[in-house]
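Using the sequences and the accompanying hints, generate a full structural model.
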Amino acid sequence: MPSLPTESPRVDRTPPESRARRRLRACQECDWVVALPPLRGGEQADCPRCGHPLVKRHLRPAQRSMALALSALLALAMALSFPFISFSVGGVGNRIELSQTATTLIGFHQPVVAGAVILTIIVLPGVYLLGVIWLQLGLLRDDPLPASRAIARSLAQLNPWMMADVFIIGALVSLIKVAGMAQIELGASFWAFCVFALLLLITTQSIDADWMWFSLAGEPRAPVGTRTGETAAPQGLAGCTTCGLINRLDPGGRGRCRRCGDRLRSRLPHSLQRTWALLVAATVMYVPANIYPIMTTTSLGHTSPSTIIGGVVELVQMGSWPVAAVIFIASVIVPVGKLVALAWLCLVVSRSNELNAAVRTRLYRLTEFIGRWSMIDIFVVATLVALIRAGSLMSITPGPAALAFGAVVVITMLAAMTFDPRLLWDAPLPRPDKRRVRRGAVQDPQGTRQASQGSGQDLSRTRQDSQGTPG
Numbered sequence: 117m118p119s120l121p122t123e124s125p126r127v128d129r130t131p132p133e134s135r136a137r138r139r140l141r142a143c144q145e146c147d148w149v150v151a152l153p154p155l156r157g158g159e160q161a162d163c164p165r166c167g168h169p170l171v172k173r174h175l176r177p178a179q180r181s182m183a184l185a186l187s188a189l190l191a192l193a194m195a196l197s198f199p200f201i202s203f204s205v206g207g208v209g210n211r212i213e214l215s216q217t218a219t220t221l222i223g224f225h226q227p228v229v230a231g232a233v234i235l236t237i238i239v240l241p242g243v244y245l246l247g248v249i250w251l252q253l254g255l256l257r258d259d260p261l262p263a264s265r266a267i268a269r270s271l272a273q274l275n276p277w278m279m280a281d282v283f284i285i286g287a288l289v290s291l292i293k294v295a296g297m298a299q300i301e302l303g304a305s306f307w308a309f310c311v312f313a314l315l316l317l318i319t320t321q322s323i324d325a326d327w328m329w330f331s332l333a334g335e336p337r338a339p340v341g342t343r344t345g346e347t348a349a350p351q352g353l354a355g356c357t358t359c360g361l362i363n364r365l366d367p368g369g370r371g372r373c374r375r376c377g378d379r380l381r382s383r384l385p386h387s388l389q390r391t392w393a394l395l396v397a398a399t400v401m402y403v404p405a406n407i408y409p410i411m412t413t414t415s416l417g418h419t420s421p422s423t424i425i426g427g428v429v430e431l432v433q434m435g436s437w438p439v440a441a442v443i444f445i446a447s448v449i450v451p452v453g454k455l456v457a458l459a460w461l462c463l464v465v466s467r468s469n470e471l472n473a474a475v476r477t478r479l480y481r482l483t484e485f486i487g488r489w490s491m492i493d494i495f496v497v498a499t500l501v502a503l504i505r506a507g508s509l510m511s512i513t514p515g516p517a518a519l520a521f522g523a524v525v526v527i528t529m530l531a532a533m534t535f536d537p538r539l540l541w542d543a544p545l546p547r548p549d550k551r552r553v554r555r556g557a558v559q560d561p562q563g564t565r566q567a568s569q570g571s572g573q574d575l576s577r578t579r580q581d582s583q584g585t586p587g
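Heads up, the sequence shown stops at 587 in this note's numbering, and the numbers go up one at a time, no gaps.
Everything labelled a hint here was simulated from the structure, so no lab data went into it.
There could be a bad hint or two in this list.
[Claimed, not checked] Label-pair restraints from in silico Cβ distances: (1) Ala441 / Gly377: 41 to 49 Å; (2) Gly341 / Ile407: 52 to 60 Å; (3) His168 / His418: 36 to 44 Å; (4) Ala183 / Ala263: 41 to 49 Å; (5) Thr399 / Glu159: 40 to 48 Å; (6) Pro516 / His168: 39 to 47 Å; (7) Val475 / Phe224: 41 to 49 Å; (8) Ala266 / Asp162: 28 to 36 Å.
All values derive from a computational prediction rather than experimental measurement.
For each residue, glycine too, the CB sits at the ideal point set by N, CA and C.
In structure tokens, the structure reads:
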């Protein structure tokens, strides 16, 4: 393995502000073009129009992310090496490892749910941490390793699907549900996974994407004629969602980033249509998710199926009000609220203006943030099914609603990703005054015809701008 240089690496010696002047960015939520100010460690630049964070600078970003990623990977290895949770009741007990929360579901003909669990809590976080280590090692050597740009592009895509922190909450909820019926013991793996979840969260927050891309590929100048204090789409420009660089688009509103090679669009194509389609699919799946049982409990030979709402009622009857509130919020209020909020945003896009767009953008951020927390119920089922296996004395099996509810969570997350919040800031289509056109047609037919043609051209140009076609 090559040795690290004795002097400070380039990622520390040359911040972006020292070599690139007037670095421009287009906000990913309102499309506003701004010039980034010089930043020091711990400072953050926000969009002056909508408040969206554009760049957050960290002190020694490569060393910071490298240390956190290594620590998190070590904690994950420990979590996979020791017993996770054990329980005993009536002289019969069971002990499980972390991976069994997913593999046990395969034996109950739930391979899709099992795959979702293992991916979100182990595989994707592990891949993410390895990618961070690979990238930062190259930056510390002043020589990026092979495939660094491809790995850097994938980091932002993996971030929403890593749910180790959600799994910890789900495991705690499942333990509270059975604490009164059996004796529970937490293994070393449980505490190691708690540390891993915390370190993973801090690692994702420590990534300085702006500095990372500058160290990997420099800072190409913005296209000539780029104007700040305006939106990018009418100028024929678009900001890269991966590295942030402003690029010029072709006449069709498409292009590729000069720095990272990612595809560019002035607006996400068919954003509203795709969001509506996903919302309808999620609504359809939400019906069986609440009608069918999400798990079935067998105790002393008596079988009792439980739906999502039924589980909340049982927790209330047991006196576990806080846990019942967590399940009710995560499994009922969050999915329904997200469906309603996204549907409302799709409906009001054509009636948005700069006065209400800021509030609606904050609502969109909230729906995008809370969507993943609905997975708590799936993780509760996965933990209980793996742990409670004592035959007719006490056992829990997954129900058909688990797959349906998991599909609701994934589909609503995809719906939030396909919705383009920049549409909320685009100018709405003008409404023609029919009485003025009718009166003008009587007085001056030829002049009215010319005015109508000009109005139609303006209307077409405005519609193109709202859809992201450069004006």
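For each hint, the structure was consulted:
no., hint, result
1, Ala441 / Gly377: 41 to 49 Å, "46 Å, holds"
2, Gly341 / Ile407: 52 to 60 Å, "58 Å, holds"
3, His168 / His418: 36 to 44 Å, "54 Å, violated"
4, Ala183 / Ala263: 41 to 49 Å, "22 Å, violated"
5, Thr399 / Glu159: 40 to 48 Å, "43 Å, holds"
6, Pro516 / His168: 39 to 47 Å, "40 Å, holds"
7, Val475 / Phe224: 41 to 49 Å, "45 Å, holds"
8, Ala266 / Asp162: 28 to 36 Å, "29 Å, holds"
Violated hints for the displayed structure, listed by number in ascending order: 3, 4.
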